[in-house]
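Trainee: From these two lone chains plus the hints, build me the complex, please.
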Amino acid sequence: MVFLNALPGAVAEGLIWGLMAIGVYISYKILDIADLSVDGSICTGMCVCAVLIAAGVPAWVSMIVAFLAGALAGTLTGLFHSALGIPAILAGILTQLILYSVNLTVLGGKPLVQISAREYDLLLNMSNNIHAIIMAAILIAAVIVVLWLFFYTEVGLTLKSTGDNPDMSRAQGVNVKLNKVVGLALSNGVVALSGALLAQYKGSANINEGRGAIVIGLAAIFIGLSVSMKIKPNFVVSLIGVIGGGIVYYVIYNVVILLGLKTDYLKMFSALIVALFLAAPYLKTTYFTKQKSLHPVIPSEKKEEGGRTDA
Amino acid sequence: MLKITDLQKTFNPGTVNAKTALSGFDLHIKDGDFVTVIGGNGAGKSTLLNAIAGVWKPDFGSIEIGGVDVTNMPEHKRAKFLGRVFQDPMKGTSPDMEIAENLSIAARRGTHRKLIWGCTRKEKESYRELLAQLDLGLEDRLSTKVGLLSGGQRQAVTLLMATLKKPKILLLDEHTAALDPKTAAKVLSLTDKLVRENNLTTLMITHNMHDAIAYGNRLIMMHEGRVAVDVCGEEKKNLTIEQLLGLFEKASGSQFSDDKVMLSK
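So the protein sequences, as listed, match chains X and L. According to this note's numbering, the first sequence is numbered sequentially starting from 13. According to this note's numbering, the second sequence is numbered sequentially starting from 924.
Rather than coming from a laboratory, the hints here were simulated on the basis of the structure. Predicted model only: the values in this text are computed from it and were never measured. Don't take every hint at face value.
Listed below are the simulated EDC-like cross-link pairs for lysine to aspartate or glutamate, each with C-alpha atoms no more than 16 Å apart in a straight line [unchecked claim]: (1) L:K1068 with X:D176; (2) L:K1000 with L:E987; (3) X:K189 with X:D44; (4) X:K244 with L:E1021.
The shape of chain L in the complex, shown without the other chains (with noise of 0.2 Å):
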């Protein structure tokens, strides 16, 4: 489904901020897979991510999705592969419209809009309908500008955002980290289940380890822009976040040390 070569990505070069944020990094993910990733500060998975969806375009390498060579294809273009969540709540949803315009206009992702009407009320009955399975009671607020609710919220709707029309690929990205503890468990839980519900193929960064172990059937753990540790399958579900930090000592050669990843564990 995924398959990245050789990607590299070097952001301010021949200058003294010239820092390489991929350095020849290979993936490839098949159809159906839950891969979560995690790594420390500056490993590379953010901006692993938005080569994925088309944020800049790569020194060298090259990506594709189902087949298709995205890249050099433009970010927008790109979207009808792709359903994005961001670590900032504020960036997946448009705050100045309606709940219902959000959606309507997640759902013709990847369609050539046309002159006719954006948000019909037929579609308004099947988002209330979308909306009372996050069961937080957004279902009756439709009309709400989506600027009034809270982080939490905001996130849940994004993420019907990005599943509305199946993507090929579900790019998530850090997309709890910013909400509380509480929050973020039911988000993550939400995502499970929409991910299972539609079998998403589905990247998702996180900083917690557990997380990263207890999600999805496959784990990635990056260090220096490249993939230090890639478990899998059995191996991956009875994983220990110890085994997790030996794997990552002897393939990078380095011990692993990254507060907001330590700390969250």
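In isolation and in its complexed conformation, chain X is listed as follows (with noise of 0.2 Å):
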């Protein structure tokens, strides 16, 4: 019963977790990138949607910057990586520790901006969880059609080609280093949107939350790819997959505190989660590969065999 109450929250917030895995997807996935930029530009999104909406600003158009933010960050990146010859994974460190300094500016160097359900107009809150998923799931469903549209033009296409394979890309006169810069700041776009999301969801704003998103992003994906590769391996099933694995992810999160698991742990077992699905692959083949035999043992050369010893 107790669980069955907590539900609708671990839907709603899973379904805001699982846009944010859609932007990691982006970056890990189709460019290739393991993005840590996201950590913060998650938190980014939360602060600029939640000061905007405390002056006052619509919810939506406070949405619209929140993204836009997040792509600037990714841009960030982007130009760490590209521009400046910086390793990926350092490049998005980088990125984070700026965001850290940028959101706090954002708070006005407060750690806690809040916006309440009953004092402002906000497109989703925790007070409503039924209100909350319908929200969400429709402003998920629209980002996926957007980003299913987008990533079938030509430009588009480039994009997914340039984290499959750069060299096939560039041979094809495909930008490279402006495609991973153009993809990051979609990427971070996205992720920075779920964080206006949370934001909303929440009522507050924190410095320091986001910490180790990237660690739910790569669980959800891996989750939810397990299932939707088995039905169809096409972009649209991925995404609506990468969605059901943040919903999962939040359910799990949730029994595991109803069975009085201490909170303190959550992000170690999820990092061991998101470690364990990073591993399976390489386990299955160093260790759970039997080795063809190179010369089968045909039962007439083993007879010969036999004789020989014989004599």
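Mentor: Take a look at the structure:
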């Protein structure tokens, strides 16, 4: 019963994190870059959205600005990597650190800005979970449709090929460096948009929010793709799977809390789950694949050998 | 069509690993020439192709394609002049994308890519016909991911991609070396067909002397980053492997010895 009461909240939060995971999917799966700036850009999305709403800006405008702020952060990571030659993972960490200062500034030096659903007109809030689920689902569906259309345009296809095979892309006249910047901007924009939803859902933006977001995003991707790749390995199904992965993650999260596990351990468990998924392909090939015999023993040969020893 | 003047390139300069790959390389190729390039390990064949493609900048010298100086042009901008097929069959195609999508990216090489549909239905029909010519049964697998194809099939698709938008120069970097003999022969005859049909200016590196003589209208043998032997026209048509080795010895002052090349003659 307690679980059923917690379920709508878990689904709503799972949807929001699923959207965040779609952002991570763009960098991690499509561009083949492990972009750590998302830990900062989800918080940027929260801060920008909350501060603007608190200043009386309509929620939808605040969300668009949050998206743009995230895209700007992604552009920075992209430029660090493409224009300055910094390894992608370090470029992400640098941006993440920069964003901490930026986010503090956005919040006006305070660690927390609150936007109560009673005072402000929010798109969604935890005070009405069913409404929140519907609004989040509509927004996510719109994002998926836009991404689906985009990734099948001339530009979008080259973004896919950039991550899949940079050599081929360059040979076909694709500006791989520029594409990485564009892709990271898009990815972080989507992540910041999910941050904007999260701020409204929670009714606040907190400077410490978003730490380890990449891990939750990856967990949602792995959970989602493990199912969706079996159904149909195409783009839209993958994205829907990732959203599903986010929901599953939060439902499990809530179950674990209900079982009485100390919440202090949750991040550790998330990280261990992701480690397991990341290690799975390696474990499979290293420990669980039987070596195929290069010279299968043919029965007649065996007999011959036996004969020789007899002689 | 292609004019290379005094091209020089040293890798790891100033270190014990310094390796001069091109030392004052000159080459002038006319429109419609099919040039085969042969040479031992480290003769600078692949370095030459990468220099033309713009993988890195040369230390000295210039490269002109169709009258345009491309020496300092980045790789992706130069791509509009070039069709490329790599030695590694995995390198020329995007494995996680469909055959049609790969072709559609190649069909837009050198154009400004826009936010419009990237692979139209009409386009797919034309790809179906093109793929049917390959005779590999790929025409019914337009939406198959390229990663599921064999090395030979991928190389054939890469060839199509390189020639879909007619390049000023087709660069083939030992593109059959990683294939089994039967598939290699098939890909090579396909190459010859495409080059003839489209009248493409082509530079083909090979380690097979027989192929180097059999294909194209001009043969270049490289040695220590320079052209050692350069034969064309009738002389090339009647060339034998023994004659070629003789010419090489005379020009370079050393016996040609490269196991890979010698064993495959």
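Trainee: Quick check: which numbered hints come out false for this structure?
Mentor: none
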